[in-house]
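Trainee: Sequence:
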Amino acid sequence: MKIEVLTLFPEMFEALKSGVVGKALEKEIFTVNVTNIRNYSKDKHKKCDDSPFGGGAGMVMTPDPIHSAINAVDGEHKCRRIYMSPKGKTLSQELVENYAKEENILFLCGSYEGIDERIIELDIDEELSIGDYVLTGGELPCMVAINAVSRYIKGVLGSDESTSEESFASGLLEYPQYTRPQEYMGLSVPDVLLSGNHAEIAKWRYNEQVRITKERRPDLIKEDE
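Every letter in the sequence shown is one number past the one before it in my numbering, and letter 183, counting from 1, is 221.
There's no promise every hint is true.
Stated by the list, open to error - Calculated pairs, SDA-like style, for lysine to any residue (alpha carbon to alpha carbon, straight line, at most 20 Å):
| no. | residue 1 | residue 2 |
| --- | --- | --- |
| 1 | Lys61 | Asn71 |
| 2 | Lys61 | Val182 |
| 3 | Lys125 | Pro90 |
| 4 | Lys252 | Ser130 |
| 5 | Lys40 | Asn71 |
| 6 | Lys125 | Glu155 |
| 7 | Lys192 | Gln131 |
| 8 | Lys61 | Arg189 |
| 9 | Lys260 | Ser208 |
| 10 | Lys139 | Thr128 |
| 11 | Lys127 | Asp257 |
| 12 | Lys260 | Gln247 |
| 13 | Lys127 | Ser167 |
| 14 | Lys127 | Gly169 |
| 15 | Lys192 | Ile67 |
| 16 | Lys55 | Arg189 |
| 17 | Lys84 | Val98 |
Don't read these hints as lab results, they were simulated from the structure.
Could you build the full structure based on these sequences and the hints that come with them?
Mentor: Printed below as a string of structure tokens:
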């Protein structure tokens with residue numbers, strides 16, 4: 039997979055060079071190309087924002103630098119073009135797995151009060167949000183999306199089970215995890231996990247998933263569970 043990112047703050051994406059994602063990028067399992075939108079501004083000061091028509095607080099990103107940047111990196115529209123926006127559909131497990139099947143994705147990160155609507159009409163395929171709150175820009179939501187999607191790219195994680203058994207993969211939250219030592223500060227690992235009985239362990243884990251999901255996210259529970 040090849041991911042294009044358009045932003046006014048490319049330095050923020052240095053964070054992607056850490057951890058599992060960073061290792062995958064080093065091995066070129068997938069690529070992330072970050073482009074500074076300011077490079078396409080015709081203003082001598084590389085300005086990319088202006089006051090909104092109709093008045094209002096804040097500034098709006100102007101269309102021409104964004105349009106030029108999009109066409110420079112994806113002139114043939116091979117990418118699925120996504121604008122990170124609080125108005126977009128909410129990122130979900132289903133969307134993550136759907137995005138992971140793409141060969142090319144372009145993420146546009148807005149700043150200030152957003153971008154000129156004409157860019158969305160001309161150049162964007164869909165808008166995407168990571169939740170019902172507003173941040174100062176689209177960079178952090180974009181990194182959240184990249185991180186989530188990358189985990190479903192073959193070779194990024196050490197084991198396919200890492201994605202098949204985690205929260206939301208089955209529609210339920212994940213079961214509790216334990217490791218050594220067997221007892222810690224008076225708390226012990228459940229006996230069933232030490233039994234070696236894989237059928238009983240699987241049953242316990244499923245029951246724990248249902249219990250935790252009912253307690254914390256009852257909206258995810260189906261009537262037959």
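Trainee: If you draw a straight line from the CA of Lys61 to the CA of Val182, is it 20 Å or shorter?
Mentor: Satisfied, since the Cα-Cα distance of roughly 17 Å is no more than 20 Å.
Trainee: Does Ser130 lie within 20 Å of Lys252 when you go C-alpha to C-alpha?
Mentor: Given pair Lys252, Ser130 holds - Cα atoms ~19 Å apart, limit 20 Å.
Trainee: For Lys84 and Val98, compute the direct alpha-carbon distance and say whether it is at most 20 Å.
Mentor: holds, 15 Å
Trainee: Hey, Lys61 versus Asn71, does the alpha-carbon distance stay inside 20 Å?
Mentor: Between Lys61 and Asn71 the Cα gap is close to 16 Å, so the pair holds against 20 Å.
Trainee: Keeping to a limit of 20 Å between CA atoms, is the pair of Lys40 and Asn71 held or broken?
Mentor: It holds: about 8 Å lies between the C-alpha atoms, which stays within 20 Å.
Trainee: Between Lys125 and Glu155, is the straight-line Cα distance small enough, at 20 Å or below?
Mentor: holds, 12 Å
Trainee: Need the status of pair Lys127, Ser167: alpha-carbon distance at most 20 Å?
Mentor: holds, 6 Å
Trainee: For the pair supplied as a hint, Lys127 and Asp257, is the alpha-carbon distance within the 20 Å limit?
Mentor: The hint holds at about 18 Å.
Trainee: Keeping to a limit of 20 Å between CA atoms, is the pair of Lys125 and Pro90 held or broken?
Mentor: Roughly 18 Å separates the two Cα atoms, so the pair holds.
Trainee: Does Lys55 pair with Arg189 here, judged by a C-alpha cut-off of 20 Å?
Mentor: Since the Cα atoms of Lys55 and Arg189 sit roughly 15 Å apart, the hinted pair holds (cutoff 20 Å).
Trainee: When you check the alpha-carbon spacing of Lys260 and Gln247, does it fall within 20 Å?
Mentor: Measuring from Cα to Cα gives roughly 13 Å; hence the hint holds.
Trainee: Does Gly169 lie within 20 Å of Lys127 when you go C-alpha to C-alpha?
Mentor: holds, 9 Å
Checked against the numbered hints above, the structure violates none of them.
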